[in-house]
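*Asks:* If you want the building blocks of each chain, they are given just below.
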Amino acid sequence: MAIQIARLRGLTEIGPDEILLGCLQALSRFGIAQFGLWTFDLDTLGIDWLNAPNKTNSPKASYSDAAVAIFDRAGQIARLDGCSDIHIEHLLVAFANEETGLMGDLRRRFAIDSAAWRSAAANLAGVRFVNQDESKIAELSVSPASREYLTPEEAAEALGIHVQTLRAYVRSGKLPALRLAGERSLRIRRADLDKVLEPLVPDKQ
Amino acid sequence: MPLFVAKRTLPGITPAALMSAGVRAKTCCAEMTQEGESVRWVRSFFLPSTEQTHCYFDAASKLLVEEANQRARVPFDEVIEVIEMTPDMV
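As they're listed, the protein sequences go chains B and V.
This note's numbering runs 12 ahead of the 1-based position in the first sequence.
This note's numbering runs 17 ahead of the 1-based position in the second sequence.
None of these hints come from the bench; they were simulated from the model.
Check each hint, because a few of them may be wrong.
[As the list claims (entries may be wrong)] For lysine-lysine, the following DSSO-like pairs were computed, each having C-alpha atoms within a straight-line distance of at most 27 Å:
| id | chain 1 | residue 1 | chain 2 | residue 2 |
| --- | --- | --- | --- | --- |
| 1 | V | LYS43 | V | LYS79 |
| 2 | V | LYS79 | B | LYS186 |
| 3 | V | LYS24 | V | LYS79 |
| 4 | V | LYS79 | B | LYS72 |
| 5 | B | LYS186 | V | LYS43 |
| 6 | B | LYS72 | V | LYS24 |
| 7 | B | LYS72 | V | LYS43 |
| 8 | V | LYS24 | V | LYS43 |
| 9 | B | LYS186 | B | LYS207 |
Pulled out of the complex, with its shape left as it was, chain B reads as follows:
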């Protein structure tokens, strides 16, 4: 999201402001981000949320040193939170004490204090955990036999092979696989399982 914001702004460097705007855009609906006590209108923050950046004309953007520092801080926060991945709430907490840039501006305009900001991020994490639990419940309620998309373990089971063999098929391109958006988990379309099966043709001497 931050990279897309940088593209929208025609920037070649992604800084902390773009990361913060990217977080707010990820939380937004119809250009409005509700976060804790605050309502942010992306229009007033200079984000043309209706228009996707033009991939061919916009510049290629790299992270700045300041952006790297924000990610490093978010990594420390994620570790303290017992997570092995950096989530949006960790990035938002990384901004909690920022006095400069967009965060400094928002802090003054919306009378944001660090504790309330961190509290809002903590509540956001709670919502994510509830959503994860609900998706797990939904997944459990549909048996693999009736699902169109299978986990690597389920697909390996269906083919009667070890899951590592199945992963090798995916890596080599023999078996198409999809990645859940923003996650590492793979899914295999049931209809694609036939692609690793070849008819046995007897040798003609």
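Chain B is already provided as a structure; the job is to place chain V on it using the hints.
*Replies:* Relative to the frame of chain B, chain V by itself:
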């Protein structure tokens, strides 16, 4: 798809900084994929005794791996093509 390894020497790197670098590499690869380039971070191995990290990428070319790492601001010593072998393949 060719496989490449980006070899890095990262003295004193912390687990949090490794996580940060991972997110940056992942997002830059995702962005380049949307741009129509073929580059994907597959996995990394950290070698604590040498403070080296080996990061593996599926990519159409070495240049794409270098570009993804430069855009992600993750330093590397060199990028070289590798050939994968697993017990399943022999």
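*Asks:* Of the hints stated earlier, which fail here?
*Replies:* When the structure is compared with the hints, none of them turns out to be violated.
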